[in-house]
Amino acid sequence: MVNDAYRRGRSAAPSHGTMQRYSIFSLARNALTGHRNWQAAWRSPEPRPAYEVVIVGGGGHGLATAYYLAKEHGITNVAVLEKGWLGGGNTGRNTTVVRSNYLYDESAAIYEHSMKLWEGLAQELNYNVMFSQRGVLMLAHGSHDEQVLKRHIHADRLNGIDNEWLTPAQAKAFCPPLNIGKELRYPVTGAALQRRGGTARHDAVAWGYARGADARGVDIIQNCAVTGVRRDGDRVVGVETTRGYIAAGKVGVVAAGHTSVVMAMAGLRMPIESVPLQALVSEPVKPVFPCVAMSNAIHAYISQSDKGELVIGAGTDQYVSYGQRGSFHIAEHTLEAIVELFPIFSRLRMLRQWAGIVDCTPDRSPILARTPVRGLYVNCGWGTGGFKATPGSGHVFAHTIARDEPHPINAPFTLERFRTGRLIDEAAAAAVAH
Amino acid sequence: MSGAWRLPRGGRVDRARPLRFSFDGKAYTGLTGDTLAAALLANGVHLVARSFKYHRPRGILAAGCEEPNALVQLDRGGGREDPNLRATQVELFDGLVATSQNRWPSLSFDLAATADRLAPLLPAGFYYKTFMWPAGWWRRVYEPRIRAAAGLGRSPSRPDPDRYLHRHAHCDVLVVGAGPAGLMAAAAAVMSGARVILADEQAEPGGALLAEPGLRLDGMDGAAWLAAALGELTAQPNLTLLPRTTAFAWHDHTYLGLLERVTDHLAEPPPHLPRQRLWRVRARQVVLATGAIERPLVFPDNDRPGIMLASAARTYLNRYGVRVGARVAVFTNNDSAYATALDLAAAGVTIAAIVDCRADPGGELVQRARAVGLPVRPGAVVTGTQGRLRINQAFVAPLDGGGRSSPVVCDALLVSGGWNPTLHLHSQARGRLRFDEKLWAYVPAELVPGEQVAGACAGSFALADALREGAQAGVAAAAAAGYRAELPALPAVEAPSWSEPAPLWRVPLGRGRAWVDLQNDVTAKDLELALREGFRSIEHVKRYTTTGMGTDQGKTANVNALAIVAAGLGQGVEAVGHTTFRPPYTPVTFGAFAGASRELQLDPLRRTPSHAHAEALGAVFEDVGQWRRARYFPQPGEDMQAAVGRECRAARQGVGLFDASTLGKIDLQGADAAELLNRVYTNAWAKLTVGRCRYGLMLRDDGMVLDDGVTARLGPDRFHMTTTTGGAARVLAWLEEWLQCEWPQLRVFCTSVTEQWAAIGVCGPKARDVIRAAGTDIDLSREAFPHMSFRDGSVAGLPARVFRISFTGEIAFEINVPSGYGGALWEALWQAGQPFGITPYGTEAMHVLRAEKGYIIVGQETDGTVTPLDLGMDWMISKAKPDFIGKRGMARPDLARADRKQLVGLLTRDPTVVLEEGAQLVEDPAQSLPMRMIGHVTSAYHSANLGRSIALGLVQGGRERIGQTLWVPMPAQPAIAVEVTRPVFLDPENRRLNG
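These protein sequence lines are chains A and B, in that order. Quick note: to get the numbering used here, add 18 to the position in the first sequence (first position is 1). Mapping to the numbering used here: the second sequence position 909 is 890, numbers consecutive.
To be clear, the hints were calculated from the coordinates, so they are not data collected in a lab. Possibly wrong hints are sitting among the right ones.
Claimed, not checked - Once the Cα atoms are required to be at most 27 angstroms apart in a straight line, the calculated BS3-like pairs of lysine-lysine come out as:
id: 1; chain 1: B; residue 1: LYS506; chain 2: A; residue 2: LYS325
id: 2; chain 1: B; residue 1: LYS860; chain 2: B; residue 2: LYS834
id: 3; chain 1: B; residue 1: LYS834; chain 2: A; residue 2: LYS168
id: 4; chain 1: A; residue 1: LYS304; chain 2: A; residue 2: LYS190
id: 5; chain 1: B; residue 1: LYS7; chain 2: A; residue 2: LYS304
id: 6; chain 1: B; residue 1: LYS868; chain 2: B; residue 2: LYS882
id: 7; chain 1: A; residue 1: LYS101; chain 2: A; residue 2: LYS89
id: 8; chain 1: B; residue 1: LYS860; chain 2: B; residue 2: LYS668
id: 9; chain 1: A; residue 1: LYS190; chain 2: A; residue 2: LYS325
id: 10; chain 1: A; residue 1: LYS304; chain 2: A; residue 2: LYS325
id: 11; chain 1: A; residue 1: LYS168; chain 2: B; residue 2: LYS882
id: 12; chain 1: B; residue 1: LYS668; chain 2: B; residue 2: LYS868
Note that the structure is predicted; figures quoted are calculated from it, not measured.
Work out the full structure: start from the sequences and follow the hints.
Encoded structure:
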């Protein structure tokens, strides 16, 4: 139950007025006044002393949670606390791949839920998140890979998720730079293609949700690090921050790689290891790569951004770390794979390289759940694949917080499963960390 | 003649060696020693590029790696294609063919420049606000057009003819930058005996000494002193000088990445040389002597061709003998640009004006300029320019706004907004920066471990300071690396001093767009728009406007952008902070990272001892991890099913020959070897007697099957463990992790012996006959040599260890010999087996044979989610042992649930139908999507021995379902009916095995 103080806080939520609509017409109108009249996409309010719900973490998942709390559940007395700048963690560091062709029913359900939200997200948010369903190609190199991918295809088909098998020649037709020659160390023997998969503009997702949440009254507070979680017995009552204490009826922790740190403040130990995951981009070139291609066997993910850069995902370091940079040899290993699979790219050049801290659970599936502390909820463990889940994750996590019970889609993603053994082992399904 | 704008003498180019080249199809001549940019300027070509977004005409801004505009596509023939190269860094060679990028149909007439007319509609981030209606059009209509308009050069399309190599190096001192500071640092360190690598990104070392004629060092001019210093330095054996080498990344523990461009400057690269070499240098100490990069100024229409950094114009004049204009204006906030004006005037170039925003500039160079009559206009700024494809006029007005602007006719405008120390590597190393409000630039706030900085990159722009700091840094670095170093004598220096610059981030006067990031077309107004829209973090401003995100990574743009954002927020520059410096410093070729790791060098290819013979027999191979194994041995006219069927029948009715050498083998020795096995396997090992073997199942700590294999006891303290082929490395690492991290008290040594033993299996009712025929001193009889034991002896005259173990359910012997004998053993068995019809079989038949017996393959029947109980292997779990890895994990309540997926056999109603591995099982094939899936097919084959198809699968509550009919829905065909059975299809009593 939400106590009266939060109800009062809720009624005192500022009315932000109507959101300025974005369209070609508003662009044209604003061009006439030199673009001097655009509203801020979100306010930068001072934190209030109390909120009904505090979301810890201003990345895509946290902002989406706040957005859906306001939109779907009418809970607008919400603050999103971000220790740096919103969208500055893994949301702004990933390789923007979106797909839903997961093996297990539980995973397929949550990623497909997300996929459906992606398909209308730009219109929903009135923000062009550049969701581009250009197709995700997962390459097989040999009979074991084929078996794994075909198992996915069969399961996806019966789950109503598109995923189809391509021969090497068909894969080449879909992705012309792909080398399907026999001279490769591990020749391509086929591929699974999810045509509805693709990419989206990662920053725009954070900004779009932030703008939408702000317009519904959510306070987005940047440069506000949580330094403690205050409990009254077995229930959470607020958070200490670098900008003072903030009382909260409910607290949702969505802090990706730093979730363990925040949850430890509440006295909870999380089954999470945080490791650096690297990515890099090339210099921009004219369109040459039409889809997303990934190879688990020799570890490479690649697509081309609308700006023309090849966006390439590398692997995780083998040790835990909070340093947002990875080891030299990891990126090198990935570029070996890229040059092997797409030899014409040997002349392209790495422009930028970076890393994010990913939160990995033992079964590489997320935790979206209540916790043993009443009023404290956690959304974490997305590991290397969280971006694609952003809308669905926020949607069901908002439900979980608002109703104090999980949405059927996230009900399997409990914290307890690691104790009871009811795992959703996507790491096993993908045969590698996915 | 190498261009009308070339001076008759001067510079470091060789007028006796002209070079032909072309740009956009037009032929030109340059000189040996030119960069492409210098040669173009010598021919009067300033318009070289179009900008990214608005396709604005752009010229050459800089003379080095900071160039934002002059990106060209190079085609050197034979597949040597390179997009996005900076003309300022491309060394000219004879026959060079360059084209401009991102324009159509031509550079001077680019239709896409209509984007510039629409610019009012296309401010920063416009694409987030539109292209949303109708919903499907983003992917189909808008995005393809945006993608086509974006991008710069074209990706190569032909195979790369070049090689790339890696070099690993250790050194005591790595000096980055061979300008005055770097040279002194290297000299000081080398004299101490330290091993020094001196890397410089340019073709020749010297840095500023190459382009500044007014300097005197020990009475010599810069070039003469440089030659002498280099001569002395390069004579030292402990110095490695790497020209054309960019230190691009600084990783943890002074581990740096360097890219050496070995042949890019050559017209015809010799075949023995790699194109580029990637150096990974572990240095004890690093001296950064990376210099500084000049900032442009932000004023209206500051992007026209002919507008150039003042220092670049000076470099083109003094290093390449090229005048960048005939009538040149200068716009500056500091003294350094005066040196350019003086040099140009001395070369006969008219200086139209020196516009200095400082009200009362009084430095030595300013006085000199005044003394020779150059028109200095203090307290003034440029408020605008004109000229479509080249500047022809600048407008100058008093900075205080108290006067009208007046035109200055000019064909070049040289700008200087001050200098930014080059601190990319310092920042990558997590060194903090401090904004210096005397220099108006970021300087190092502190050194990181292993780092020294010297010269301009430390904010010390005067030559004497750079030399002294360089020497000190070299001494400090050598000392820190453990050498006794002494400060070398410093040359006596005559160089003009600079007076204080004045900050000028953005000219407050004039109309028109003032460009901050030239490559990405970001204006000062775009930055302000971002702030207005709430993007206040500098990281948000960067991402929203894309400032600093071009191929130049904002080397000339970033600090101006920071200062403009700071002004917009009403904060100091330092309060705004800066974006993260990310490697690489300049772009690095993918091929250089990949190095020699292509095709067969990407990953080792491991062949079995029988490989050559299998090839001769016409075997079809498959990759299994790194191994290449024979999959089946087709005879003429046989397809895979026919071949595999024949092989399988032979193994059960006659005798089969199989190369099992790929299995992982680990030698375990030590007093606690049995204890280790007890802990890592689910069953008990203490009582295994010497000479006997036992099957073991290894679990992860969560209770899931990790690996399996047979382990033999060679002696009281010694075991021979086998693992799956794919699991060999993983299991060894697993054992080592437990031994080293959890159980250091256990006395066991684990040694991989996979490569030491060849293992050839002989299987089937006639197996004994074949081995006896090959010749052996081992008694192979059932009584003397029971199943699950081993014997040492000789086979075919070779020393052998023979295991009686079986993965087929038949009598089988696995003969291990030292791997060098493997081929000979195979050959001997093959010959000896001829009278018995010996049949080699491959991995496919092996899979079928074991499936007929219901034996699992880890990785096929298991996928990391399967427990021994799921496999029906509870008999493998010791009840008596206090603990083993996975016991606790397996004890979790959900792992005992009756509806977990269990291993079963699956028989299709139609015996000719072979299921597809990975296919899903349902109870009701007529249900609508999403269907409730209750299991999947893990293995499926046609079994020639049984005359029908067989399959194994994991099915929810499978053991309770035996006898039930389930369905496998397939695309575009009716669902396949299958009966659930026990997973053993043949000889469940193991009569054949023990025969």
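Right, here's what the structure says about each hint:
1. With a C-alpha separation of about 21 angstroms, the suggested pair B/LYS506 and A/LYS325 falls inside the 27 angstroms cut-off, and the hint holds.
2. At most 27 angstroms may separate the alpha-carbon atoms for a hinted pair to count; B/LYS860 and B/LYS834 meet this at roughly 26 angstroms.
3. Under the criterion of a C-alpha separation no larger than 27 angstroms, the hint pairing B/LYS834 with A/LYS168 is consistent with the structure, at around 25 angstroms.
4. For the given pair, A/LYS304 sits about 19 angstroms from A/LYS190 by alpha-carbon distance, which is consistent with the 27 angstroms threshold.
5. Of the pairs offered as hints, the one joining B/LYS7 and A/LYS304 holds, with about 24 angstroms between alpha carbons and a cut-off of 27 angstroms not exceeded.
6. The straight-line distance between the Cα atoms of B/LYS868 and B/LYS882 is roughly 19 angstroms, inside the 27 angstroms bound, and the hint therefore holds.
7. Annotation: proposed proximity of A/LYS101 to A/LYS89 holds, straight-line Cα distance about 24 angstroms (limit 27 angstroms).
8. In summary, the hint linking B/LYS860 to B/LYS668 is supported, as the alpha carbons are separated by about 15 angstroms, within the 27 angstroms threshold.
9. Proposed proximity of A/LYS190 and A/LYS325 is supported: the alpha carbons are some 23 angstroms apart, at most 27 angstroms.
10. For the given pair, A/LYS304 sits about 9 angstroms from A/LYS325 by alpha-carbon distance, which is consistent with the 27 angstroms threshold.
11. For the hint linking A/LYS168 to B/LYS882, the alpha-carbon distance of about 19 angstroms falls within 27 angstroms, and the restraint holds.
12. Proximity of B/LYS668 to B/LYS868 is assessed by CA-CA distance (about 20 angstroms); at most 27 angstroms being required, the pair is judged to hold.
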